[in-house]
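Participant: So in the working numbering, spot 41 of the sequence shown is number 41, and the numbers just go up one at a time.
You may find that some hints are simply not true.
[Stated by the list, open to error] Distance condition first, Cα-Cα at most 30 Å in a straight line; then the derived DSS-like pairs of lysine-lysine: (1) 244 / 276; (2) 308 / 276; (3) 308 / 247; (4) 247 / 237; (5) 276 / 310; (6) 318 / 237.
[To be verified] Restraint ranges, calculated between C-beta atoms of paired labels, are given here: (7) 203 / 266: 20 to 26 Å; (8) 325 / 172: 50 to 56 Å; (9) 76 / 96: 27 to 33 Å; (10) 28 / 51: 18 to 24 Å; (11) 252 / 172: 25 to 31 Å.
Keep in mind that the hints were calculated from the coordinates and are not lab data. In this text, a Cβ means the ideal position worked out from N, Cα and C, and glycines have one as well.
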Amino acid sequence: MRGLFYIVMLIVAAGCCSVHELDEMALNSAEELLEENPRAAYDRLGAMNISDFSDSATMARWALLYSESMAMSRMHVPTDTIVNIAVGYYSYHGKQQELSRARAAKQLLQAGGDDDYDALISALYVQKEREYALYMERMDRERYMAVALVVMLIGLGVIVWQRQRLRIQRLRNETLLGEASMLQGKLTGMSATANDMQQRVRALFEERFGLIARLCDTYYETQGTRAERNAIAEQVKDEIAAIKSDKGMNAAMESAVNDGCGGLISSLREQCAWMKEDDCRLMTYLACGFSNRAVSMLMGMSVDAVYKRKSRLRARIKAESPMDMERFLAVI
């Protein structure tokens, strides 16, 4: 379909170029004839159907040559309509040479011809004015169509952009809720026979993630509007953000890891004073057994960022060689 569209556009463009070239050839021929036989040039220019011209430059050139041929033939013109086409165009575009010629032709035409009135010449002149009016109407239609096409394309672009934005938002929401559900499953999987540290971590998250799990279930089961589903996703985001910023929960989790792993995080803080607070949180989550995807959600970073951070920590710990290096590396 797209190939067919391009073929049609090429055919139309080729047709327009061919018509334009024919008009230019006719104007060149009339201009060569102008000095030698202005009446013959006038007849040739009068035979052209100017309502079919494709651009204003061609129209202005025709108006200039037509006016010059009438002036040099000492013909009477009923109005200045045609010569003013050339004067207006060349004045606007700053073409001084052509503008001077148009003004000179206008002065000669205003001075009057040898014959005060010729009914045939006046009728032909009026016919050319009508053709020019038809040309202007066609140009206006094409201009309006071009504007309408641009507006339509912009509208389609906005619609496509909006649909893409909504699709990305939906995918982000579903990814977030999927990761939240996965973490809830991880916590649920910590059985009653799990060690004390895991049970304490499960207890810390159980209430918060119980609410998140219910919200996730509602999101996937609801038949509500997009706005309602987005509202549920936003509530999940708020709950996760609350977990991230809950210093008491983070401290309690670190305490559970220290108690269950022989003071692991305390030793880490003592032996790796260079380590940032977020690095200690990362080590705490990893020691609890959370996956990289769960860590990425809890710390608000991408999974790739988690991998990179772990890699940098591993390299730094190896470079610093703390006393409990092997224990720290085992967590990462």
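Participant: When the hints from earlier in the document are held up against this structure, which numbers fail?
Facilitator: 6, 8
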